[in-house]
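Student: Based on the provided sequences and hints, a complete structural model is requested.
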Amino acid sequence: MESERSKKRHYSSYLLRFLAGAWLLFTVALIIWWYIFSQRQIERLSQAGGVIADDLIRNQKMLMWEGGTLLCSLVLGGAALLYFIVRDQKQTQRLKEFFLTFTHELKTPISTLRLYAESLHESLEKSELAEPSRDLIREVDRLSLQLDNSLALALTPDSRLHLETLSLSEVIRPLRDEFDQLSIETPEDISLFGDMQGVVTILRNIFKNSLTHGKATKVEISHEIKGTSHPSVIIAIRDNGAGLADQRQHSLLGHKFQRLYRGSGSGIGLYLSKQLAEKMNGSLVFPHTEAGFLVQLELPLVSLGGA
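For the sequence shown, the working numbering begins at 1294 and goes up steadily by one.
Hint data in this document are derived by calculation from the structure and do not stem from the laboratory.
Among the hints, a few may not be true.
With a cut-off of at most 20 Å between alpha-carbon atoms, the simulated SDA-like pairs for lysine to any residue come out as follows [to be verified]:
id	residue 1	residue 2
1	1508	1470
2	1519	1479
3	1400	1431
4	1511	1535
5	1389	1399
6	1508	1473
7	1354	1371
8	1508	1475
These numbers come from a predicted model, not from an experiment.
Tutor: This is the structure in structure tokens:
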């Protein structure tokens, strides 16, 4: 199911084309009416005869040509507007297709680079170069995550998610090996309704933020059931990292390209996570906490009507 925001984008695009086309048709119809009305007025004045009638005929013809020129300008303006709208939408689509192809092509060499980095680390594990080789793996992982985020961000407005009942433990299982530097503590298992890859992407970005920016070593996950008629689960992810000292910065979290930490990172990870949560009929918020960093992910427990 597409989110309301995604539907609004499609409706806005279609509405823009419709309004431009309607303006063009209305202006053409107005020109035709103006011409017919002016010709009838000239015929009536010609039948009246006399000097005054001749002056009125000249004035009527002048008004007819001036009005026709104005209306033709409106037609040309509407046609130009419609042309630029269609052209810009086609250019945007071509740019998006190029970006998707480019990112897909990059994934293969990055995966190969990851394998080489792992092999290098294994061969240097007992030497003084063990830590630099481990850093290389981390940087490759960071680049891979940024690439995945960029790809998902480009797909998010138009893509359709496969919403199904998920097990929280099944979602977290593949992330334990990926983030072996983090101690991930989870509660008893619970079911939620969402897209498997979407929820994994959200948690991956949160864990990466805790590890890279917060320098956390432990992440605690808890959950709480909310509501009865349309129940949802609030999954709280809290780490023991540095967090954000300034409470005002929390209002900027989840906004596009807001970099709140020094160093690497474009800020699209949490923004993408928030977009994915909303697309799954949920939400992602960042409450202020005195210690560490806290994220609350809310998702439905069951399928919502129309999903």
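Student: Confirm or reject each hint.
Tutor: Hint-by-hint comparison with the structure:
1. For the hint pairing residue 1508 with residue 1470, the CA-to-CA distance comes to about 18 Å; that is within 20 Å, so the pair holds.
2. Taking the CA atoms of residue 1519 and residue 1479, the gap is near 19 Å; set against the 20 Å cutoff, the hint holds.
3. Only pairs whose Cα atoms come within 20 Å are accepted, and residue 1400 paired with residue 1431 is accepted, the gap being roughly 16 Å.
4. Of the pairs offered as hints, the one joining residue 1511 and residue 1535 holds, with about 12 Å between alpha carbons and a cut-off of 20 Å not exceeded.
5. Taken as a hint, the residue 1389 and residue 1399 pair is honoured in the structure, with Cα atoms around 15 Å apart against an allowance of 20 Å.
6. Taking the CA atoms of residue 1508 and residue 1473, the gap is near 14 Å; set against the 20 Å cutoff, the hint holds.
7. Among the hinted pairs, residue 1354 with residue 1371 is inconsistent with the structure: their alpha-carbon atoms are about 25 Å apart, more than 20 Å.
8. Distance restraint check for residue 1508 and residue 1475: the Cα-Cα separation of roughly 10 Å lies within the 20 Å cut-off, and the hinted pair is therefore satisfied.
When each numbered hint is compared with the structure, a violation occurs for hint 7 only.
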